[in-house]
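Asks: For this one, chain A is given, so just place chain B on it according to the hints.
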Amino acid sequence: MRDFVLKRVVAVIIPFISLYGFYVILHGAISPGGSFAGGIIVALSVIAFATIFGLDRAKEKLPEKILVWTDSYGTLWYVLMGLVGIVKGVPFLSNRLAGINLGVPGTLSAGGLIALIGIGVGIRVASTMITLFFTMMEEEK
Amino acid sequence: MKIRNLIFLLIILLAIFTMLIAVAELPPYGSPDNPVHNMVTERYINKALEETGVNNIVTAIVLDYRAYDTLFETIVLFTAAIAVYVTLKKAKGSEGGE
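Protein chains in written order, with this note's numbering: chain A, 15 to 155; chain B, 399 to 496.
Treat the hints as calculated values from the structure; they're not laboratory data.
Hints should not be assumed to be uniformly reliable.
[As the list claims (entries may be wrong)] Lysine-lysine pairs mimicking DSS-like chemistry, simulated, CA-CA at most 25 Å apart:
1) A:K79 with B:K445
2) A:K73 with A:K21
3) A:K21 with A:K102
4) A:K75 with B:K488
5) B:K445 with A:K73
[Stated by the list, open to error] Sample of chain B residues with no beta-carbon within 10 Å of chain A, all distances over it, derived:
6) L407
7) A413
8) I414
9) M417
10) A422
11) E423
12) P425
13) Y427
14) P430
15) D431
16) V434
17) T450
[To be verified] Now the stretches of chain B that chain A is said to cover, found in silico as 3 or more residues with beta-carbon under 8 Å:
18) 455 to 469
19) 482 to 488
Every residue gets a Cβ at the ideal spot worked out from N, C-alpha and C, and that includes glycine.
The following block holds chain A by itself, in its conformation from the complex (with noise of 0.2 Å):
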């Protein structure tokens, strides 16, 4: 995939593509999506990089020190948002019972926690999805 034309569009479309996604990863709670549609479509611009420029490239752009990072704190990071709720004495992964400010509905704040944890498991399912696709690359070079 040496093509001039491809390359020069795809360089153009990639930033967008991965700005659209984290939109629809923050605006999972006023809009349809959400996060898992939105991690995937993040997830999308890196592996249509990967596909075009090589793998080689995407690798210098998304090191292997921030997949692992992302890969290991997703999750963690939606589990510490769980934990809100039991040091405000409540149970694990509460929203409204812990008190927290629910917002204005229809705006970005709305939500409390969940937007937090959109977050969480938007990272979780674009690295989970980037790392697959680039192990599975290497193995077969």
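Replies: Just chain B now, with coordinates in the frame of chain A:
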């Protein structure tokens, strides 16, 4: 050998018969009186905005009402990634010689 196969066939037919009876007892598909349409659905639809502050009811269910489920879903993803990483990743020193 023949008799043994015949007994197996009988057992299988009995099992199929039992399952078919169970299926026949199921409520009709899509009927409003089904046990599926209970207060849980109503509560999600009527109170999701008030209780979670989120417009998107799917997000409210996935990340608030059923947060435990999503937590373990992420753990499943984590396990999948780790499993593939461990099985397919080449060790650093083992390039070239298999």
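Asks: Taking the hints in turn, state whether each one holds.
Replies: Evaluation of the provided hints:
no.: 1; hint: A:K79 with B:K445; verdict: 43 Å, violated
no.: 2; hint: A:K73 with A:K21; verdict: 17 Å, holds
no.: 3; hint: A:K21 with A:K102; verdict: 52 Å, violated
no.: 4; hint: A:K75 with B:K488; verdict: 21 Å, holds
no.: 5; hint: B:K445 with A:K73; verdict: 46 Å, violated
no.: 6; hint: L407; verdict: 44 Å, holds
no.: 7; hint: A413; verdict: 38 Å, holds
no.: 8; hint: I414; verdict: 38 Å, holds
no.: 9; hint: M417; verdict: 34 Å, holds
no.: 10; hint: A422; verdict: 37 Å, holds
no.: 11; hint: E423; verdict: 36 Å, holds
no.: 12; hint: P425; verdict: 31 Å, holds
no.: 13; hint: Y427; verdict: 27 Å, holds
no.: 14; hint: P430; verdict: 27 Å, holds
no.: 15; hint: D431; verdict: 31 Å, holds
no.: 16; hint: V434; verdict: 24 Å, holds
no.: 17; hint: T450; verdict: 6 Å, violated
no.: 18; hint: 455 to 469; verdict: holds (count 10)
no.: 19; hint: 482 to 488; verdict: holds (count 5)
In this structure, the earlier hints numbered 1, 3, 5 and 17 are contradicted, and the remaining ones agree with it.
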